[in-house]
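K.L.:
Listed here are the chains, written in short residue letters.
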Amino acid sequence: MRKLSRNRKAVSPVLSTILLILIVVLGMSVAFGFFVSFVKDYQAGRGGSVMELISVEDVWFKPDHTTIEIWLYNYGKVEAKINAIYVNGMQLDFDPNPIQIPVGKHNNTVAYPTNGWVNDAVYSFKLVTERGSAVEGEYRSPNT
Amino acid sequence: MLRRMLKNRSGTAEIVGTVLFLVILFFFFSNVFLWHNQISQEMDSLIADKMNSAVRIETIILSGQAVHSDNEHITIGAPTPYRDYYPQDTRNLDGHSRSIQEEDLGPQNGWSLDVDYAFATAIDAPEKKRLISAVRLGVYASFSDPSEACFVYAYDWVDTAWIDTRLMITKENRWSNTTLPFPASYIDGGGIVKIRIVDASSQLGINDTLRGTLSIDCLEVHADSIELDVTNLGGSDAFMSRLWIVNSTQTTNPEKDHIYSNLEPLSTPPGSHREITFNMAIEETQFNQDGSVKVSVDAQGAMINYVPPSGQTVIFRVFTTLGNTAACSCSFP
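Chains as they are written, first to last, in the working numbering: chain X, 1 to 144; chain S, 1 to 333.
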């Protein structure tokens, strides 16, 4: 035993092997951690947009000529969050912002067109979710 | 050359290391590929289900219950045998008839007949009348005078005039049926429909020399209402989510121009129908606290507590849990 502890010849290879293992384990842990985090973000974000399916139930050009109420329904597999609404290419303010729509649920928001809306005109709507998927449609305002 | 390369052991560790590294890398990324493939398949399946459960909505006519008369008024004519009016005589097709003979009005007019019947329908409010699409009249009767027939008139409460229904009662016992246009005109504020039967000669100014007898076995009125019918056009079940009710023009109550009723969990199997009826026992639309229209749903369909506004075209749009939608419109007087 004493002979073994006094033998300095094999210290260097043992230390180097341990160091090598440590470096490899640490390196792989960092890589694995990064990868897990990346996958999680991907699945919750851009990758999850495949599971988003939203339908516009109703667009109501309200009689005050300044607001448009939009009803949405989420028939996808993940909760959707609408954080941008465009009408005829212009981004609108809307309330509540963002609109969260749980799976299988309805929700609504009121959008405020910059110059209000006019009778008997076609408006092109585009609603964009946080994950980047979009719902588009054209709706005609009432003529009276 | 090949033997030398095989015998060369230098670089083996690098090759083995690289292969291992690639395997580990592939193991990491294959998870993402597999996950993406799995959700893509799931979503494709969802879209396929959506495409396979398209629906159609349309307005149809719900046949109203037969209403019989309890009230007879003979202006010209005499019952034979002479007795009071028994409503059951004109209620069923059982061979027991109400018989009325023509009355002699003198040498200028001859034999004549004029008898009125009143029918008390349950359509006793303007809100109920809006939901009536047709008034149907059915007469099973005969008139024994071979030289003439009897005409049937209905009273128009709006124009305050008797309108010819084009029905004729002739010598042989038979059914005569007609549907009256503008049904709301033929039902008064209390739900009364009035029918008049007169002989043809008195209407045409011809001197009738033969005495005829009118025999009525059955006389009935139906107030047919409007209802919505949802058809599943696809091959898989369609689950209804909402019925949107949208007024096409602004009403006096604009905040209620876009309303909805929750239809869950009403399902429609492939190729079958579900009926959405209107509750005719109410005088105004009833709402839940969340703003939706009150509804009662069972396996066969739904009944919504909705009263359409007067003089409005209303768009009904059904919406399914898979995002399918269908619409129809209906004008209410």
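Hints are computed from structural coordinates only; laboratory data are not their basis. There's no promise every hint is true.
Partial selection, computed: residues in chain S whose CB lies under 7 Å from chain X [as the list claims (entries may be wrong)]:
hint	residue
1	11
2	15
3	16
4	28
5	30
6	39
7	226
8	244
9	249
10	258
11	319
12	326
Taking lysine to aspartate or glutamate and the EDC-like style, the derived pairs with C-alpha atoms no more than 20 Å apart in a straight line are [what the hints assert, rightly or not]:
hint	chain 1	residue 1	chain 2	residue 2
13	X	126	X	41
14	S	256	X	64
15	X	62	S	255
16	X	77	S	255
17	S	256	X	136
18	X	81	X	64
19	X	77	S	42
20	X	77	S	237
21	S	256	X	93
22	X	77	S	290
23	X	62	S	290
Only a predicted model underlies this, so the values are computations on that prediction, with no experimental measurement involved. The beta-carbon is built from N, C-alpha and C at its ideal position, and this holds for glycine as well.
K.L.:
Determine for every hint whether it applies to the structure shown.
P.N.:
Hints, one by one, checked against the model:
no.	hint	in the structure
1	11	violated, 19 Å
2	15	violated, 17 Å
3	16	violated, 14 Å
4	28	holds, 5 Å
5	30	violated, 11 Å
6	39	holds, 6 Å
7	226	violated, 22 Å
8	244	holds, 5 Å
9	249	holds, 5 Å
10	258	holds, 4 Å
11	319	holds, 6 Å
12	326	violated, 13 Å
13	126(X) x 41(X)	violated, 25 Å
14	256(S) x 64(X)	holds, 14 Å
15	62(X) x 255(S)	holds, 8 Å
16	77(X) x 255(S)	violated, 33 Å
17	256(S) x 136(X)	violated, 26 Å
18	81(X) x 64(X)	violated, 27 Å
19	77(X) x 42(S)	holds, 9 Å
20	77(X) x 237(S)	holds, 19 Å
21	256(S) x 93(X)	violated, 24 Å
22	77(X) x 290(S)	violated, 25 Å
23	62(X) x 290(S)	holds, 19 Å
Checked against the numbered hints above, the structure breaks hints 1, 2, 3, 5, 7, 12, 13, 16, 17, 18, 21 and 22 and satisfies the rest.
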